[in-house]
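Number of protein chains: 2
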Amino acid sequence: MPKVVDHERRREELADAALTIIARHGMRGVTTRAVAVEAGWSTGVLSHYFGNLNDLLLAALRRAAEVQGRIFRERRSQAPDDVVERLRLLVESTLPLDERRVALTRIFAVYYAEVSVNPQAREDVADYQDNFRRMVERIMVAGQADGSIPPGRDPAVMAMDLVAVADGLALHGVIDPRIAERLAEEERPGERIVREVLGLDTPEASSAGPETLAKSTS
Amino acid sequence: MPKVVDHERRREELADAALTIIARHGMRGVTTRAVAVEAGWSTGVLSHYFGNLNDLLLAALRRAAEVQGRIFRERRSQAPDDVVERLRLLVESTLPLDERRVALTRIFAVYYAEVSVNPQAREDVADYQDNFRRMVERIMVAGQADGSIPPGRDPAVMAMDLVAVADGLALHGVIDPRIAERLAEEERPGERIVREVLGLDTPEASSAGPETLAKSTS
Numbered sequence: 009m010p011k012v013v014d015h016e017r018r019r020e021e022l023a024d025a026a027l028t029i030i031a032r033h034g035m036r037g038v039t040t041r042a043v044a045v046e047a048g049w050s051t052g053v054l055s056h057y058f059g060n061l062n063d064l065l066l067a068a069l070r071r072a073a074e075v076q077g078r079i080f081r082e083r084r085s086q087a088p089d090d091v092v093e094r095l096r097l098l099v100e101s102t103l104p105l106d107e108r109r110v111a112l113t114r115i116f117a118v119y120y121a122e123v124s125v126n127p128q129a130r131e132d133v134a135d136y137q138d139n140f141r142r143m144v145e146r147i148m149v150a151g152q153a154d155g156s157i158p159p160g161r162d163p164a165v166m167a168m169d170l171v172a173v174a175d176g177l178a179l180h181g182v183i184d185p186r187i188a189e190r191l192a193e194e195e196r197p198g199e200r201i202v203r204e205v206l207g208l209d210t211p212e213a214s215s216a217g218p219e220t221l222a223k224s225t226s
Numbered sequence: 009m010p011k012v013v014d015h016e017r018r019r020e021e022l023a024d025a026a027l028t029i030i031a032r033h034g035m036r037g038v039t040t041r042a043v044a045v046e047a048g049w050s051t052g053v054l055s056h057y058f059g060n061l062n063d064l065l066l067a068a069l070r071r072a073a074e075v076q077g078r079i080f081r082e083r084r085s086q087a088p089d090d091v092v093e094r095l096r097l098l099v100e101s102t103l104p105l106d107e108r109r110v111a112l113t114r115i116f117a118v119y120y121a122e123v124s125v126n127p128q129a130r131e132d133v134a135d136y137q138d139n140f141r142r143m144v145e146r147i148m149v150a151g152q153a154d155g156s157i158p159p160g161r162d163p164a165v166m167a168m169d170l171v172a173v174a175d176g177l178a179l180h181g182v183i184d185p186r187i188a189e190r191l192a193e194e195e196r197p198g199e200r201i202v203r204e205v206l207g208l209d210t211p212e213a214s215s216a217g218p219e220t221l222a223k224s225t226s
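If you read the protein sequences in the order shown, they are chains A and B.
Numbering-wise (my numbering), the first sequence opens with residue 9 and increments by one.
Numbering-wise (my numbering), the second sequence opens with residue 9 and increments by one.
One-sided excerpt, in silico: chain A residues whose CB lies under 8 Å from chain B:
id, residue
1, 33
2, 34
3, 117
4, 123
5, 124
6, 133
7, 134
8, 168
9, 169
10, 179
11, 180
12, 182
13, 183
14, 201
15, 205
16, 210
Per label pair, the in silico range of CB-to-CB distance:
id, chain 1, residue 1, chain 2, residue 2, range
17, B, 186, A, 209, 30 to 38 Å
18, B, 51, A, 41, 23 to 31 Å
19, B, 149, A, 19, 50 to 58 Å
These are computed hints drawn from the structure, not numbers from a lab.
By construction, the Cβ of each residue, glycine as well, lies at the ideal position given by its N, Cα and C atoms.
Same shape as in the complex, but just chain A (with noise of 0.2 Å):
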């Protein structure tokens, strides 16, 4: 009987091994011979799911967005009718807060570099930030209409605000690790920047210090 060979799940594994050498030395790591290594098979068994490196790399990023959704989807599931707290969730899952993050935020910025030069790659990485735009933009939607977070502004553009402020944290986070420290300070990061863009009072706002306090206006 001839052996039955789950290719798919071959496919996931070398894609993994590509993902964990991103994380870990960037894409200067990639090779072929690291990724065999990494996975636990040939070379030779390599270029027969992969044609060339390149499909190698554009299989892992769809392998680290597709991880990533799942996530989404299962925390978009959760506080049905909170939306501030939906958008949190959502938001924190993307913020370097654990190692899971950290490394899914180096792997993502070894991508955006490749987006100048691999439209493929571009474009994947577009379709993977447009579904999370859109997924924010639909629960921001959802808000307005139930009256939960103020009307008049444009849901896709506060969608698009919160995608980058999220994305630009988790990347300076991993850059520089007085921001990974602040975030982590924090109990609930994503909460603070849901309400900055919703337009709602920040819970660091209600809670003044003194100093601020003394600075009121009002």
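Fit chain B to the known structure of chain A by using the hints.
For chain B alone, kept in the frame of chain A given last:
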């Protein structure tokens, strides 16, 4: 008489050539030969100034940070009495609204991908961003002191968020032409995000369309 060689100028030329190549072809385009050709010098001259490719990459990064730093300093002194306008000018100098700023965003994206594998690049990028953040924070502190922006929020946190949303939008604009177009269509995209972060009314909200007005809860 020996030729007078302006070594500093030549180092700058070579660093600029590296930046041109990074903006055009990403990090994978950067080879000793490509940079020498772009600069119009031999690879021998290049290796005289930079011991290895990594030294050249760091010099190029410093050059990019220096060029943008000069723009920050020029802009910072404009509109001295208007905090929102000062912040808007700073933020918009980093958004990909023209070719120079698109190239700069691409260049920084390449270095962001480097930070996990290159400690010196990480430190340089972190310092660059920290300088931007501090500049923004000082303006916010002054604005809270003179009452032109609301008290109650920590300027360091607002500066962190403003720099993150500006950088996030810049990167997303380079990745997704729809985002770049949306930013280009706005008259003052920087003003919108500055007001959002500071908790001031946003220009779009104050000119809300009919659909939004119909939904208004007040």
